[in-house]
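Q: Chain order of the listed sequences is R and W. Heads up, the first sequence is in our numbering, so the first residue is 1 and it goes up one at a time. Heads up, the second sequence is in our numbering, so the first residue is 615 and it goes up one at a time.
Check each hint, because a few of them may be wrong.
[Unchecked claim] Partial selection, computed: residues in chain W whose CB lies under 7 Å from chain R: (1) K694; (2) S698; (3) P726; (4) A743; (5) P759.
[As the list claims (entries may be wrong)] Subject to a maximum C-alpha distance of 30 Å in a straight line, what follows is the list of computed DSBU-like cross-link-like pairs (lysine-lysine): (6) W/K700 x R/K266; (7) R/K528 x R/K606; (8) W/K694 x R/K150; (9) W/K738 x R/K238; (10) R/K323 x W/K709; (11) W/K700 x R/K323; (12) W/K709 x R/K40; (13) R/K238 x R/K40; (14) W/K709 x R/K108; (15) R/K150 x W/K724; (16) R/K238 x W/K724.
What the hints contain is simulated information worked out from the structure, not anything from laboratory work. Cβ coordinates follow ideal geometry from the N, Cα and C atoms, glycine included.
Spelled out from the first residue to the last, the chains are:
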Amino acid sequence: MGLFGRRKTVYVDSDILVVGGGMAGCGATYEARYWGRDLKIVCVEKANIERSGAVAQGLYAINCYMGMQWGENQPEDHVRYARNDLMGLVREDLGYDIARHVDATVHKFEEWGLPIMRDPETGRYQREGKWQIMIHGESYKPLVAEAARKAATTVCNRIMVTHLLMDQTKSNRVAGAVGFNVRTGDYYVFRAAAVIVCAGGASHIFKPRAVGEGMGRTWYAPWSSASAYALPILAGAKMMQMENRIVLTRFKDGYGPVGAYFLHLKTYTQNAYGEDYEARWFAELRKTIGDYVDRHPVPTCLRNHAFLEEVKAGRGPIRMVTKEAFQDPHKETVGWENFLGMTIGQAVVWASQNIDPKHINPELTTSEPYVMGSHATCSGAWASGPADYAPGEYQWGYNRMMTVDGLFGAGDTIGGTAHKFSSGSFTEGRIAAKAAVNYVNDLRNNRPRVAESEITSLEKEIFQPLETYRVHRNEIVAGSVSPSYLLPLHGLQRLEKIMDEYVGGIGAHYTTNAHLLTRGLELLQMLKEDIAYLGAEDLHQLQRAWELQHRVLASEAVTQHTMFRTETRWPGYYYRADYPRLDDTDWHCFTLSRFDRRSGQWEMEKAPVYHIVD
Amino acid sequence: MPTFVYMTRCDGCGYCVDICPSDIMHIDETYRRALNIEPNFCWECYSCVKACPQNAIDVRGYADFAPMGHSVRTLREEEKGTISWKIRFRDGREKNFESPIRTTPWGSIKSPSDYEAPAAAAFKTQELAHEPDALHIDRLPTLAPDRLKQGLI
């Protein structure tokens, strides 16, 4: 609360509410306006859409571009690539859908003013790799935000959305969302006919390698607080493949990206003794996962596996051999600008440690695990597929609608679509928004209604941490130790420790088993109970409190899914030590979960995988 | 810190507070100037550094792994459409880079409602805004439904 008076309740009514103004949210907002000329379209964001989401600091490449105009790749090719990288398990209908539209998105970005590099010989976009094109993307996000602002009826910045609202008569239908303004403390009630969740994936659910000041330099942004998952989970939407966390091989400490180094600069890795180490571990891997190890390109998780085993064998550090490539001034410039464009912190680390890759081969490391839906991993909500070809089991309504009526998603929120990255997330936002416009138009006057009692009870729940702190603060002299409340950072550190030790974090060499997971769930349950005693000193801490609650719920989903899948599908991401083999007989399928808010129980089931048959 | 604010340069304008994606740049109530209230939630994304009209914000790398004495400074010039960088190593070596940030005037993107409204029939097709033209191919690709089957690949 501010200095003056009571908290206000602000009602914002719309036809389409877009939750989260990152790449997916900006795409959804833009497309919703194109099809819904007379609709009220509201985009709500906890930060400022000018610099929010995973692309806030920019990007140096667009990692999902087909190049269909030049016959470079077809959508089917991208599906095969993503399927291969994820060891067979992606939603091929959804992936194809993004791939067939993504080129138009990228062409629009260029028209809007995004500097895309060109190959001087062919005049085509400069390829970094088969799927990646190189950009000067420092202002990628401001540019996309400009398009979204032009399209939206209203952009509500600095509002943290905490819950979705449900229809008062039809329990499986969404009716809006609630949250609070992190500046004024006002309570916001968004009533909407359709909601598109475009929130962020999850950093900081596993303990990061840096636990001091540097805990902020996670690979995925520290503000990616799992709202992408918690919001649909609480609304009763089915989630898929939440066990599919990702571990990144990156430059040490800054987590600077390696894609341009491998693909464009042609640098390579070696162990402390100058040896190529990958092949020796792949031979061993064949015994547990079969011929997946022989596929090209080698799946990301398996390359991680070789890295991890080599380090465990005592032949670290693993280094990127840059000294040769960096003798070429052009490549040296690309190598540095690559960081300055998207991971400035890595340039800071190298400057601080006197690492000039022209003279020193820099160290690599493997990150703590993350849960997200747009990189070489695809956790997220279970969504309906495109009407023109999706199999019956993947089609129950509008494209990208979840298993809750009127609830759509895009970007990190939607599961099964690995390798969509920034351009694919924006594209998926567009796909979801066109479907949402059709949904709203088809509804006509049959709009959802929200019970006043739900609005009132959520208000109490949302602001409780401020009240808890206010009441109990004076029991103690000063400091952070109270018998009556936990601060959000306390809860976060407990969560990260549980996930690290029991669910396969760095401290456990990414390994877990049923016993560890069972104990992890018991400890998570106690953490969930303790969350009722969170104390927030101010509105900023109230935001942290709700980010923590979203992370805890997503973590519980990750743990339940990891328990359910009794095999090791993605060695290098995580290992079920009690089921060390890949098991295509029983587990060539998706895992689905549904959380029952009333009972607190999770229901698990399997869903079939459909492949594009050549 | 990672970001920190120089006392003599900051005038308390609050641009950094408005832009920070992590909500960690706040105005100190005593000094009426900005500060980073939660350095361990700073991504070193430089959004505040770029937004500061006084060049009052800098970065000192994370104390748990970055030795002191370095600097990575930037100047983002929207009118010129460029961003410049100066990297100074702990041992004093320097590197300089400059990149374009945008090829069109700021504010020039057209609203989707500035385009002709789509025909009624277009709503039930798979085409998105500006397609198929923006694809730069004749038509939007599709799959025959019987190409998706269960089984192993």
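Q: The structure should be examined with respect to each hint, and the outcome stated for every one.
A: Each hint, compared with the structure:
no. : hint            : verdict
1   : K694            : violated (12 Å)
2   : S698            : violated (10 Å)
3   : P726            : holds (4 Å)
4   : A743            : holds (4 Å)
5   : P759            : holds (5 Å)
6   : W/K700 x R/K266 : holds (26 Å)
7   : R/K528 x R/K606 : holds (27 Å)
8   : W/K694 x R/K150 : holds (23 Å)
9   : W/K738 x R/K238 : holds (26 Å)
10  : R/K323 x W/K709 : holds (17 Å)
11  : W/K700 x R/K323 : holds (22 Å)
12  : W/K709 x R/K40  : violated (49 Å)
13  : R/K238 x R/K40  : holds (28 Å)
14  : W/K709 x R/K108 : violated (34 Å)
15  : R/K150 x W/K724 : holds (7 Å)
16  : R/K238 x W/K724 : violated (37 Å)
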